[in-house]
Amino acid sequence: MREPQASSVGSQVCAKDQTAGMGGCAANRRQRRRACKKTHDTDFDIVNTSAMNRPAPHPFDLSGKVAIVTGSNTGLGAAMALALAEAGCDIVGVSRADAGETPARIAAAGRRFADVRADLASIAPVDDIVRAAVEAFGRVDVLVNNAGIIRREDALEFTESDWDAVMDLNLKSLFFLAQAAAKQFVRQQSGGKIINIASMLSFQGGIRVASYTASKSGVLGLTRLLANEWAAERINVNAIAPGYMATANTAALRKDTQRNDEILSRIPAGRWGMPDDLAGPVVFLASSASDYVHGHTLAVDGGWLAR
Numbered sequence: 001m002r003e004p005q006a007s008s009v010g011s012q013v014c015a016k017d018q019t020a021g022m023g024g025c026a027a028n029r030r031q032r033r034r035a036c037k038k039t040h041d042t043d044f045d046i047v048n049t050s051a052m053n054r055p056a057p058h059p060f061d062l063s064g065k066v067a068i069v070t071g072s073n074t075g076l077g078a079a080m081a082l083a084l085a086e087a088g089c090d091i092v093g094v095s096r097a098d099a100g101e102t103p104a105r106i107a108a109a110g111r112r113f114a115d116v117r118a119d120l121a122s123i124a125p126v127d128d129i130v131r132a133a134v135e136a137f138g139r140v141d142v143l144v145n146n147a148g149i150i151r152r153e154d155a156l157e158f159t160e161s162d163w164d165a166v167m168d169l170n171l172k173s174l175f176f177l178a179q180a181a182a183k184q185f186v187r188q189q190s191g192g193k194i195i196n197i198a199s200m201l202s203f204q205g206g207i208r209v210a211s212y213t214a215s216k217s218g219v220l221g222l223t224r225l226l227a228n229e230w231a232a233e234r235i236n237v238n239a240i241a242p243g244y245m246a247t248a249n250t251a252a253l254r255k256d257t258q259r260n261d262e263i264l265s266r267i268p269a270g271r272w273g274m275p276d277d278l279a280g281p282v283v284f285l286a287s288s289a290s291d292y293v294h295g296h297t298l299a300v301d302g303g304w305l306a307r
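Under the UniProt record's numbering, the residues of the sequence shown are numbered 1 to 307, in order.
Since the hints were derived computationally from the structure, they do not count as laboratory data. Where is the CB? At the ideal position from N, CA and C, for every residue including glycine. Please note that a few of the clues may not be correct.
[Stated by the list, open to error] Cβ-Cβ distance ranges computed for the label pairs, FRET-style:
no.	residue 1	residue 2	range
1	Ala306	Val134	37 to 45 Å
2	Arg271	Ala97	27 to 35 Å
3	Gly221	Ala306	17 to 25 Å
4	Arg112	Gly221	30 to 38 Å
5	Asp291	Arg187	17 to 25 Å
6	Tyr292	Lys255	39 to 47 Å
7	Lys255	Ala214	25 to 33 Å
8	Gly191	Leu225	16 to 24 Å
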C-alpha cells in the first residue's frame, strides 16, 4: 500500500483509531476525538524525498578540475596523474622528454591530457606551463610540484654543479611554478590546491645527498610559508613526503642486498612503497576534503618516521 503523504498523516491516524468499533462508550469516543485533535494540531515537516534520494556531492570528486603534474611521465608523477584523472581531473602533464604511457592511461580513465614539454632545470618555462594549461582547458585548479632529481656523493667531495642542479629544480623551480599557479588562482578568483613533493629527508639528515636534503628541507619550510601567505586567497599549500619508494631513483639501493635489507628492517610496513601508494594522499590534498588543511607535510612512508 502506498505510504500516506505528510499532509494526510492526521486523517490516517483518526481512521485507524475508528477501527476499534462503533459501540464504544462516550468516554472512549471523547478520548478518540481528543487524540485526533491532538494529531491534527501537530506540526509536520514536509520532506522533499526527491532531494533525499539524490547522492550528496562526494568530497573526493574532482570532476571538472584541471591539474598540472610535473614529472608526470614516470614513477610517482605518473601514478599521481592517473589518480587525479580517475577522480575526475583533466591533466596537464609536464616532462622534459616523452610523456610515456601517461597520456594513454589518462585517456583510458576518460579524461583529457595535455602534453607540455619543459625543462624545469631553470625557471624560464614556468609561466608558459600555466599558460598552456589555461589554453588547453580554460583554467587551473591543482598543481602537483613533483619534478625532482638527486645527486649522491660524500659531502667532502660534493661539487657546486651537483649542488646547483638539485637546488634549482627541487626548490627554485618548485617555488616559481607555485607562484605562477597561485597568480592564476587569484585571477580566476577560484582558490586552488598546491601539492609539493617533499621527502623523509625533509625531516632527517641522510647521508651522501647534501643538496637533496637541503632542497627537501626547504620544500617543507616553503610549504608552510606559502600556506601562511596564500590561505586568505583560498589556496591550500601542502606537501607529501614519500618514504622509500620503488622507483628508478632507488633501483640501485634495491639491488644492493645488504642496503635493501637494512631499509626494509626499519620500515614497520615491511615493504618498499609503490607509486600507487600516493594515489589516495594526492587526491585528498587536491579535493575539498582538505579545504581546512594548510601547511601540512603528509608522510607516506610505511611508518619509517615513527620508528
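We went through each hint and held it up to the structure:
1. For the pair Ala306 and Val134, the beta carbons lie near 41 Å from each other, so the given range of 37 to 45 Å is met.
2. For Arg271 and Ala97, the Cβ-Cβ distance of about 30 Å falls inside the hinted range of 27 to 35 Å, so the restraint holds.
3. Between Gly221 and Ala306, the C-beta spacing of about 22 Å keeps the proposed range 17 to 25 Å intact.
4. Distance hint check: the CB atoms of Arg112 and Gly221 are about 35 Å apart, consistent with the given range 30 to 38 Å.
5. As the Cβ distance of Asp291 to Arg187 is approximately 20 Å, the hint placing it in 17 to 25 Å holds.
6. Separation of Tyr292 from Lys255 is about 43 Å and conforms to the stated range, judged on CB atoms against 39 to 47 Å.
7. In this structure the hint that Lys255 and Ala214 lie 25 to 33 Å apart at CB holds, the actual value being about 27 Å.
8. At roughly 18 Å, the beta carbons of Gly191 and Leu225 sit within the given window of 16 to 24 Å.
Taken one by one, the earlier hints all hold for this structure without exception.
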